[in-house]
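Chemist: Required output: the full structure, derived from the provided sequences and hints.
The listed protein sequences derive, respectively, from chains A and B.
Straight run, no breaks: the first sequence in this note's numbering ends on number 447.
Straight run, no breaks: the second sequence in this note's numbering ends on number 589.
Source of the hints: derived by calculation from the structure; they are not laboratory data.
Fair warning: there could be bad hints in the mix.
Within a straight-line C-alpha distance of at most 25 Å, the following computed SDA-like cross-link-like pairs (lysine to any residue) qualify [as the list claims (entries may be wrong)]:
1) A/Lys-408 <-> B/Asp-543
2) B/Lys-250 <-> A/Val-426
3) B/Lys-226 <-> B/Thr-362
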Amino acid sequence: MNLMSVASKLSMVLAVILLSACADVPIYKRGALAKPEMAWEPDPLEGAIKKHVYYSKEAASGGAEAAGGGCGCN
Amino acid sequence: MEPKLPVEDVAVTKFGARKLVLRKSDLEPICPIYVISPNTRNSKIKKLLSRETVSQPMSKIKSRRLMALSAAAAALPGISTTAQAAAPTEHTMGYRYTKYTESDLKASDLAVDAEGNPRGSKKRYDIDVHQFGYSGPLTSEWALSLSLQNEVLSGASPWNTVRDENGDVKVVMTGASPADKLQGIEEERTDGSAGLTYYYKGGSVSGNVAFSTEDDYDSTSFGFSWEGEFDKKQTVIAAGFSLSDDELAPEANVDKRNQRHIIPPGTKAKKDSTSFFVSASRITGMNTVILGGFSWTKKEGYLHDAYKANDQRPDEKEMWTINGSLRHYMKKQKMAAHLDFRFYDDDWGVTSYTYTGSLHKKYGKLMVIPSLRYYLQSKADFYAPVIVNTEFNYFADDARLSDYGAYSLGLKFKLDVKPITYTASMEFYDASQDLSPSKSDFDEHPALISFTRFTLGADYKF
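Modeler: Shown next, in the form of structure tokens:
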């Protein structure tokens, strides 16, 4: 994938986010968003083991965060 | 205009103020701390009052629990799994035990020698994992997170592939076999990480160090990330990078047959990784938040799989991902919906799409979480199900580099008995070429995996 392709896809993602940024939600109405089950990763420990398994068994990895170190997983 | 909230009871407090008692389920989503002054008997009620504020002196109103509610409400979930825009107010210690079991290779997919003996074991990996985690505040501005994981695995893994007299692809496995003398694998791996986050008005910065160690592989990495809040904390921009330095010393197999890339005794091969990400999340409604991100990773050095007979890979790999996430809360159903998408592409020719969805439904103290994941990837440019010519620069018969699709079904239960939350989850995963919508040029690799995972654990908050 060349840089232009990456840039165009990234632009689309950012455009979607910006276009959707039309609502203004006051802080006192964000209670539902603060619930633990609304976190991006509600269970970091189990999330870590799942990520590790997929990393070991699939060709694709990463996303949403910077990659950490590897393992000799074969 | 007064907030319209369901009110269970209206009374007069000992202070003479009007007392509104809200049902707990309705109160929790409402984030501000509701305080009423004793002089509000006949005035318009501007703020609502919770049980905590009525039953305690004003000095105790800023209780830990209320502060936690308030802080959580002001926080927009961040990019990393643990980071949030407000410092944590509670300490959390967690433990998980995981049993991971791969299904055996079908006996008919195992290669046989001239005498008809199986070439290796059909028993695949069995892994026991123990995880410990801690996160909590050091001060009102600093927070610490720690994790430690130990895993012990045993079993056999694919060594190479051959075609039988009918032209079908068969797998030679490691494992006790008089014909091949290939060893099974017994391995222990330990990894740990420590992260420190500093919270300031409008954002946070985090740093973390991590290590992973096993007999033949050591990895050290560190990362740095930043989060900034914008537009009344409705938008969070995050960015970060990480560097890792890995050292490998693959052990020679007992008969050293065909094994490539043997590292001379006393020396180690190197693998370095550089990675960065950027993301933006945005509240789009009182029940919805979305996130989009991009990441780039480059690996350099020893990227072969040393425990395969025919595996020679480039010494560089660049990877990109684009990801999107949605969290939506359905108030009436008391249920949160999660949707996650990832597009992946690398310069080895692999393109992949991952779709994950889950529902988090609450029944009193019990949370039930069904989930579904679908994964799809194309093959690497140098992959072939059977390697017949090793004159090329790069070649591999690793099933993980083939084209296939995989689905995963999960079910999880969380029981919240404060201050402890118990969790139990299970997952079934199956990979197959039939699950890929695109037509492959190759036969399906017989070593594609199926596995089950069971996880039990508890989190203690104090």
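Chemist: For every hint, state whether the structure bears it out.
Modeler: A quick look at each hint next to the structure:
1. A/Lys-408 <-> B/Asp-543: Within the cut-off at roughly 14 Å; holds.
2. B/Lys-250 <-> A/Val-426: holds, 18 Å
3. B/Lys-226 <-> B/Thr-362: violated, 39 Å
The structure does not agree with numbered hint 3 stated previously, though it agrees with all others.
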